[in-house]
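Trainee: Residue strings, one per chain:
2 protein chains.
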Amino acid sequence: MSAEKQLSKTAYDQLDKDADRILQLIEVQMENLTMPQCPVFEEVLDTQMFGLSKEINFAVRLGLVDAQDGRDILDHLEVEVSKVHEAYMEKEKNQV
Amino acid sequence: MSAEKQLSKTAYDQLDKDADRILQLIEVQMENLTMPQCPVFEEVLDTQMFGLSKEINFAVRLGLVDAQDGRDILDHLEVEVSKVHEAYMEKEKNQV
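If you read the sequences in order, they're chains A and B.
Just so it is clear: in the first sequence, position 90 is 90 by this note's numbering, and no numbers are missing.
Just so it is clear: in the second sequence, position 85 is 85 by this note's numbering, and no numbers are missing.
Just so you know, these hints were derived from the structure itself, not from any lab.
Owing to the predicted nature of the structure, the values given are computational and were not obtained by experimental measurement.
Treat the hints with caution; some may be incorrect.
Unchecked claim - Computed list of lysine-lysine pairs in DSS-like fashion (alpha-carbon distance at most 30 Å, straight line):
no.: 1; chain 1: A; residue 1: K54; chain 2: B; residue 2: K83
no.: 2; chain 1: A; residue 1: K54; chain 2: B; residue 2: K93
no.: 3; chain 1: A; residue 1: K5; chain 2: B; residue 2: K17
no.: 4; chain 1: A; residue 1: K17; chain 2: B; residue 2: K5
no.: 5; chain 1: B; residue 1: K83; chain 2: A; residue 2: K9
no.: 6; chain 1: B; residue 1: K93; chain 2: A; residue 2: K5
no.: 7; chain 1: B; residue 1: K17; chain 2: A; residue 2: K17
Start from the sequences, fold in the hints, and give me the full structure.
Mentor: Here's what the structure looks like:
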């Protein structure tokens with residue numbers, strides 16, 4: 001594998017890892033926050049998504065990651081976060 | 001130049017460009033905000049520094065940028081931002 005292909009693969013791996021980390025952080029927050037609707041939750045999520053988008057944008061500029069793939073990573077993460085959010089809300093509702 | 005060296009050079013160039021962009025943004029803010037001491041200013045700066053640190057960290061993980069160089073980019077930017085801030089404060093003081 002060429003050095004550039006290897007770097008591109010590493011870039012994708014790292015971005016996936018970071019997206020997973022954000023999802024885990026959100027899950028932990030959902031479990032531990034009394035109010036997942038609260039602004040702090042939204043702010044943490046926004047900040048993390050912003051950070052990831054910066055990394056993706058940087059990787060795209062270096063030509064290591066395809067721009068559409070980059071958007072897909074963010075979109076996919078948003079869908080996953082929504083799922084976690086909904087699952088938690090459903091659980092809360094059933095407990096009342 | 002090898003592909004990896006070329007990518008490393010591009011990574012450094014892009015990070016320098018981003019640091020410059022943040023500094024320019026801060027300068028524009030200083031010129032246009034009535035209250036550069038206000039929390040909005042600090043928040044914009046924090047967010048931008050966070051974004052840049054994410055990019056740097058990403059580049060370091062890919063082995064494209066040396067960890068110490070990455071810290072130096074952030075430190076240097078902080079010094080430059082302080083200078084802009086102080087220069088503005090001095091100007092304001094003299095106008096009163």
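Trainee: Now tell me if each hint is right for this structure.
Mentor: Hints and how they fare:
no., hint, result
1, A:K54 <-> B:K83, "holds, 26 Å"
2, A:K54 <-> B:K93, "violated, 37 Å"
3, A:K5 <-> B:K17, "holds, 25 Å"
4, A:K17 <-> B:K5, "holds, 25 Å"
5, B:K83 <-> A:K9, "violated, 40 Å"
6, B:K93 <-> A:K5, "violated, 55 Å"
7, B:K17 <-> A:K17, "holds, 26 Å"
In this structure, the hints that do not hold are numbers 2, 5, 6, in rising order.
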